[in-house]
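> Protein chains in written order, with the working numbering: chain A, 598 to 1290; chain B, 598 to 1290.
I should point out that these hints are in silico values taken from the structure, not numbers from a laboratory.
Just to be clear, a hint being listed does not mean it is correct.
In this list, chains with the same sequence are indistinguishable; a pair is considered to hold if it fits within one copy or across any two.
[Unchecked claim] Here are the computed lysine-lysine pairs in the DSS-like style, where the Cα-Cα straight-line distance is at most 27 angstroms:
| id | residue 1 | residue 2 |
| --- | --- | --- |
| 1 | 1167 | 620 |
| 2 | 1289 | 1264 |
| 3 | 1248 | 927 |
| 4 | 790 | 755 |
| 5 | 1289 | 1240 |
| 6 | 1289 | 1248 |
| 7 | 1240 | 1261 |
| 8 | 1119 | 1248 |
| 9 | 620 | 1002 |
| 10 | 785 | 655 |
| 11 | 927 | 1015 |
| 12 | 1027 | 927 |
| 13 | 1073 | 976 |
| 14 | 927 | 1261 |
| 15 | 1128 | 1248 |
| 16 | 652 | 860 |
| 17 | 1289 | 1261 |
| 18 | 1167 | 613 |
| 19 | 652 | 1032 |
Remember, it's a predicted structure, so these values are computed and weren't measured experimentally.
Number of protein chains: 2
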Amino acid sequence: MDTKRFSDPLSLQQIKVTDNFWKKEMELVRTEVIPYQWDALNDNVPGAAPSFCMKNYKLAADLNARKKSDPSYEQPVWTTSNFELVPEDMDHLEERFYGFLFQDTDFTKWVEAVAYSLTQHPDAALEKLADDAIDVVCAAQLDNGYLDTFYIINDQSKIFSNLRDNHELYCFGHLTEGAVAYYEATGKDKLLKTACRYADYIDSRFGSGEDKCKGYPGHEIAEMALVRLYHATGEERYLNLSRFFIDERGKKPYYFDSETDHKFTPKPGDTSLRHFYHQAHLPVREQNEATGHAVRAVYLYSGMADIARLTEDEGLLAACNTLWDNIVNKKMYITGGIGSTNHGEAFTYAYDLPNDMAYAETCASIGMVFFARRMLQIKPDARYANIMERELFNGVLSGMALDGKSFFYVNPLEVLPKACREDARKFHVKPIRQKWFGCACCPPNIARLLSSIAAYACTENEDTLFVHLYMGCELKKKIGENKVSVQITSGFPYHGNAAIEINSDVPVQMTLALRLPDWAEKCTVNGVTSKNDEITDAILSEIAASTDVSSANISDGYLYLSGTWSGNQKLNLDFPMTVRIMAANPSVREDIGKVAVTYGPMVYCLEEADNGNNLHLLRLNCEDPDFKITPDAILGAPSITAKGYREEGEKEGENLYHVYQEPKLTKCELTFLPYYMWNNRGEGEMSVWVRKM
Amino acid sequence: MDTKRFSDPLSLQQIKVTDNFWKKEMELVRTEVIPYQWDALNDNVPGAAPSFCMKNYKLAADLNARKKSDPSYEQPVWTTSNFELVPEDMDHLEERFYGFLFQDTDFTKWVEAVAYSLTQHPDAALEKLADDAIDVVCAAQLDNGYLDTFYIINDQSKIFSNLRDNHELYCFGHLTEGAVAYYEATGKDKLLKTACRYADYIDSRFGSGEDKCKGYPGHEIAEMALVRLYHATGEERYLNLSRFFIDERGKKPYYFDSETDHKFTPKPGDTSLRHFYHQAHLPVREQNEATGHAVRAVYLYSGMADIARLTEDEGLLAACNTLWDNIVNKKMYITGGIGSTNHGEAFTYAYDLPNDMAYAETCASIGMVFFARRMLQIKPDARYANIMERELFNGVLSGMALDGKSFFYVNPLEVLPKACREDARKFHVKPIRQKWFGCACCPPNIARLLSSIAAYACTENEDTLFVHLYMGCELKKKIGENKVSVQITSGFPYHGNAAIEINSDVPVQMTLALRLPDWAEKCTVNGVTSKNDEITDAILSEIAASTDVSSANISDGYLYLSGTWSGNQKLNLDFPMTVRIMAANPSVREDIGKVAVTYGPMVYCLEEADNGNNLHLLRLNCEDPDFKITPDAILGAPSITAKGYREEGEKEGENLYHVYQEPKLTKCELTFLPYYMWNNRGEGEMSVWVRKM
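Please put together the full structure from these sequences, using the hints given.
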């Protein structure tokens, strides 16, 4: 492990996003998603199933207060196995927990997004709203530090009795992420202290000590959250607890088997299969295939990468790399989507990537972004950043409508709207984005990711600034006692140009590491052009000279410019974007005979609105596609047109089967738009993959 | 309705199957399936879940006897909603019903197969076995005629309280089918009388009278069974009861909504959708799309066809034809398989025919055979017979292994064994035939169909013998007071030749109606050859002359030879079989760019055993396939080889996605075998559809 290349994301106080593309997305989150989310968690969205999130916190706080003022007060005990999602009589609620058992996270995800948003766009009213809500949340905490309203309200004797199913440690993880984010954004530590007290309580119950519980999260996230808490507080206990969860996972005898409170009991004999879903079938260092629930999986792997870096654990890093490769080389849609089945929202076997029944949950793509950034923090290798970029521009953004008002959980690569309504196998695929979800994970997850997008653009260590994404921003980089200002502008995602301006009052020794995107064949640095895979020492010298630094090197897809920087220096970069026809590994049965069109980092797709229905009858002329790019053609994005053919469709009264005759083809123009923009013009067919001619 | 063209199947006493192909299948049923089935329904199959069928009948009989000997005996009442499939302690069974609630039909289906088998192969020991079992079954009948052990044993107060789910009228239907078959085969009427008493009881409870219940079967079959009972007894009440069930179905308010004993209640608001599954969403005459559970559907349509014919109901016949066309032109696999989803074992929407997730239940194909024969009885039109033949040689026979020892419920058109084990969406698709099923519908259904296959080969009316299938057989046809002997020999299904020998001691006026199969382009009749679609009057005269009859006509795909027959007359027929490349209607998305290979009535497929794995990489050279037929090449059947190509597979270390390059193709030979024979040489990939070049 080359610890010198380790890096960390920049504090959001240090970096301001100015990017045309991303700023717009962030503004949608700020102006649409965050207010909507607040209404949702306060049950103020007409027509939507109530969240009960704040109601639950208030009730828990109330019960605490009651017990304090009257020690003889006996709290009623409710069953924890049959909780009510939506009570029959909304006007006469009982004093019990309502909603999904992870409903606390509606608030903790919201407050995390709020925190990030405040760093980029201060807003006193919003901060006040959050502060007041935090008061309620903190009042719900038990004296011992425990804070999960489901068990606080329903039955405190059952705390930590069903880690596998009941999401307590997941809720803790989101509380912690939110608390750290809010502390880092505002300097206010009330929620952070609450998270610490809860973490301390968990630490007192879980661990390697003889009397301690050997359990671990049923839905991972606490692993990476504890690492953030460790960063924020310097408390090694939190790092160790995270490591404990990771080390303990998948050991035999299986901890989850010792729990007796499960609602669903797997069949006897099914000794290891049943743990795949939770990535608890094997010790994590022995896992070599991404399995089970995709979000859980990538959240775990993100935590593993954190621990591998912080504890310099080569074995754990090797497992991370094996799992990364398994996903990227065997189990990922071209859009970055992962988890190809709705059965368990899970990974299946290698190369099983059905386009019309994909799950490809938005949250799983977000989790891949977490994983990628953490791998980049260990080793700046463009293969991680390339995937991170692909996820962001495709599998993540497709989850939200262009107006920020509706969302996809599931991100299919092929849609026939009729099938989504009439074929039970595809009921999980929605032909149109939804306003909100009872189980609201994806919209708030998009909100917290997009609000903190700057934390993915660059990372840094003592002397190096790594530019992973060419995102317009202004940042300050400390070099020793000095501060260097860096301003990045870019034409991404539709133009491959970027400019980096560095200002330093005094000369500083610094390295700038610039990712060479995998979709570009060439790069131009201050006028020096080369093919990406043919950058010779001579060219590097020329680049170094042109940029006025002492050395230029290439390593793992990054161009390193090192030397003394002073005054105002400018770098002009260009990574020419071209339309590329992509094919899948021939082992992907669903994509055989088909191709996909990409442009720079963007995967494109066909929509019915531009191409008529029956997209399966279309074929792309791969030999002579004659691609044409028209700027701002569709919803403000460039469209791509190409030569294609339409196969003759059904003839009036045609039999279901007939003697084969060469089908008649009519020349036509195919029109592609960026995948993430699909379904912003009403319902219709969509397909990423098109048959080739 | 042209009642002169109506016809009936021949009594199995009148016709003996001698066909090489079918006789072998019948012998498998006689020697393998029927004995195995007997063991199964007596819980004597080691390793298989017990049926409890005969145990339930015995217990019901015992309870009856107890009550008769001791009128004060109080039978315990069990819940009818939580019945036990397999009790935990097999050694200490309680006096209650066990197994599926339609378990009675394990016996009634068996006795029906036994009956048919006895007509073709008398067997005193088997008949004795059946007689003894019938004694037990009849003893289980209540004094009022009711006979369903589930309710007799568990709770008689609940009789007919849940027609939608609980299969009572389905069990009645199978009892009736078995009883009529056994009576017709043996002349013994004990079971028939029992069925009549039960029918009378049902008739006393259901009907249009004011006090009567307006219910109808949740799983259809009683409709066609009652028609058989009417034929066997001449009792018009049975015909009327069948008609009542058909007329009442789907009327509003929905009868099923009035039942309160349902285990599953559909959501409010879901007013008509929920009845699609049972084909009870609309009055049957208004139904124009095949919906819901495929077996239920085609059993209903068969009953509708019976009633349409017997009551000369044009409206009902029109509905039958509409539904027939909807299935055949929109919802049927090329193998004849119907019901393309496992969700409800049901039809979906038009052209939704996924190959690797097909349900295509063997029983549904069998139901299509029932439907087809009944449509043929109304109108001898080859389009019904062509489908009937396709079902028999493909979708039905694929349900049973060549050794008669294992069975498929589900008949996919494409299989990747790994997917069946690892992808929950395909868990219903088995990569290998199973020994038996707890819910044993398909194996006994195959047994009763194959044992009575002669009833599908020909039908007759007063003066005409219709030959629908060219099946080797010997039959007697009554013409007035005389009996004509007819002997058919044929090379089917792999050779299109057939010979028909007619012997009549005295000259008789008779018409022979011979189906011209849709897969043959030409036909030769006694040396006179013509293209099927170009048979002129001159050719017909020539044919008439050559066969020594006075007239030859073509109508609806049948050649009618009419005149005086006497002495010994021979017809030599030939329908040359060719290999045909078939394509699906371009609206079938799953088959676009693909073709299937057929030979005569047989659909062929590719198997891994002959073609290696990764069948999706193979392509058929459609322009120059150079088909070669090798007799007896695979499992005794002719193989078909063709020129093809194998696309280059995965290269070592290949990325999941790469810039498209024209794939490398290697010439290879493709080897096809009859679809119904797939999976008789161990587990492996299979595909009916192959990509075209």
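> Each hint: holds or not?
Hints versus structure:
Taking the shortest Cα distances, residue 1167 and residue 620 sit within 27 angstroms of each other inside one copy (23 angstroms), while across copies they are farther apart (88 angstroms). Taking the shortest Cα distances, residue 1289 and residue 1264 sit within 27 angstroms of each other both inside one copy (13 angstroms) and across copies (20 angstroms). In this assembly of identical chains, residue 1248 and residue 927 lie within 27 angstroms of each other by CA distance solely across copies; the values are 13 angstroms between and 40 angstroms within a copy. Taking CA atoms no more than 27 angstroms apart as the test, residue 790 paired with residue 755 passes inside one copy only; the shortest distance there is 25 angstroms, against 62 angstroms between copies.
In this homomeric assembly, residue 1289 and residue 1240 come within 27 angstroms of each other (Cα to Cα) both inside a single copy, at 11 angstroms, and across copies, at 22 angstroms. Taking the closest pair of Cα atoms, residue 1289 and residue 1248 come within 27 angstroms of each other both inside a single copy (23 angstroms) and across two copies (21 angstroms). Both within a single protomer and between protomers do residue 1240 and residue 1261 lie at most 27 angstroms apart by alpha-carbon distance, with minima of 16 angstroms and 23 angstroms respectively. Proximity of residue 1119 to residue 1248 under the C-alpha cut-off of 27 angstroms is restricted to the inter-copy arrangement: shortest distance 26 angstroms between copies versus 48 angstroms within a copy.
Proximity of residue 620 and residue 1002 under a CA criterion of 27 angstroms is satisfied intra-copy only: 17 angstroms inside one chain copy versus 67 angstroms between copies. Taking CA atoms no more than 27 angstroms apart as the test, residue 785 paired with residue 655 passes inside one copy only; the shortest distance there is 21 angstroms, against 78 angstroms between copies. With identical chains, the CA atoms of residue 927 and residue 1015 are at most 27 angstroms apart between copies only, with a shortest distance of 15 angstroms across copies and 30 angstroms within one. For the identical chains of this complex, residue 1027 and residue 927 are neighbours both inside a copy (25 angstroms) and across copies (25 angstroms), given an alpha-carbon limit of 27 angstroms.
In the homo-oligomer, the alpha carbons of residue 1073 and residue 976 lie at most 27 angstroms apart inside one protomer (22 angstroms), although the nearest pairing across protomers, at 87 angstroms, exceeds that limit. Taking CA atoms no more than 27 angstroms apart as the test, residue 927 paired with residue 1261 passes between copies only; the shortest distance there is 22 angstroms, against 36 angstroms inside one copy. For the identical chains of this complex, residue 1128 and residue 1248 are inter-copy neighbours only, at 25 angstroms across copies versus 50 angstroms inside a copy, given an alpha-carbon limit of 27 angstroms. For the homomeric pair residue 652 and residue 860, the shortest alpha-carbon distance inside one copy (25 angstroms) is at most 27 angstroms, but the shortest distance between copies (34 angstroms) is not.
Taking the shortest Cα distances, residue 1289 and residue 1261 sit within 27 angstroms of each other both inside one copy (15 angstroms) and across copies (14 angstroms). In this homomeric assembly, residue 1167 and residue 613 come within 27 angstroms of each other (Cα to Cα) only inside a single copy, at 19 angstroms, whereas the closest approach across copies is 96 angstroms. Taking the shortest alpha-carbon separations for residue 652 and residue 1032, only the intra-copy value of 22 angstroms comes in at or below 27 angstroms, while the best inter-copy value is 56 angstroms.
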